[in-house]
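**Student:** Sequence:
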Amino acid sequence: MTLRPLHRTRFLLTLGGLCLALPGTVQAQDYPHADEPIGTVEDVYDGHLTPDLAVSTFRNID
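Sequence positions in the sequence shown follow my numbering and run 78 to 139.
Hints in this document: simulated from the structure, not taken from any laboratory. For clarity, every value in this text was computed on a predicted model and none was experimentally measured. Each residue gets a CB set at the ideal place from its N, CA and C atoms; glycine is no exception. Watch out, some of these pointers could steer you wrong.
To be verified - Across the chosen pairs, the derived CB separations fall in these ranges:
#  : residue 1 : residue 2 : range
1  : Thr86     : Pro128    : 55 to 63 Å
2  : Arg81     : Ser133    : 56 to 64 Å
3  : Pro128    : Tyr108    : 15 to 23 Å
4  : Gly94     : Asp139    : 26 to 34 Å
5  : Gln106    : His84     : 36 to 44 Å
6  : Gln106    : Pro128    : 22 to 30 Å
7  : Ala111    : Leu83     : 27 to 35 Å
8  : Thr91     : Tyr122    : 51 to 59 Å
9  : Leu89     : Thr117    : 46 to 54 Å
10 : Arg85     : Asp129    : 57 to 65 Å
11 : Asp107    : Thr127    : 24 to 32 Å
12 : Cys96     : Phe135    : 29 to 37 Å
13 : Asp107    : Arg87     : 33 to 41 Å
Input sequences plus hints: build the corresponding full structure.
**Tutor:** Shown next, in the form of structure tokens:
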């Protein structure tokens, strides 16, 4: 009768280990807009951004 809890514990430990190990194997994709030029803080608050520069600036806010 003590075999069932042992199997359940082993299963849960294996499942937990897989859940911790698998996210590390997934590679992050490169962000396609990372190299775009962005405006400065002063440009944003002064309203001197062109529409294209405003889009790339607000798209790349982290």
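**Student:** With reference to the structure, classify each hint as holding or not holding.
**Tutor:** How the hints compare with the structure:
no.	hint	verdict
1	Thr86 - Pro128: 55 to 63 Å	holds, 60 Å
2	Arg81 - Ser133: 56 to 64 Å	holds, 59 Å
3	Pro128 - Tyr108: 15 to 23 Å	holds, 21 Å
4	Gly94 - Asp139: 26 to 34 Å	holds, 32 Å
5	Gln106 - His84: 36 to 44 Å	holds, 39 Å
6	Gln106 - Pro128: 22 to 30 Å	holds, 27 Å
7	Ala111 - Leu83: 27 to 35 Å	violated, 50 Å
8	Thr91 - Tyr122: 51 to 59 Å	holds, 54 Å
9	Leu89 - Thr117: 46 to 54 Å	holds, 52 Å
10	Arg85 - Asp129: 57 to 65 Å	holds, 59 Å
11	Asp107 - Thr127: 24 to 32 Å	holds, 26 Å
12	Cys96 - Phe135: 29 to 37 Å	holds, 35 Å
13	Asp107 - Arg87: 33 to 41 Å	holds, 39 Å
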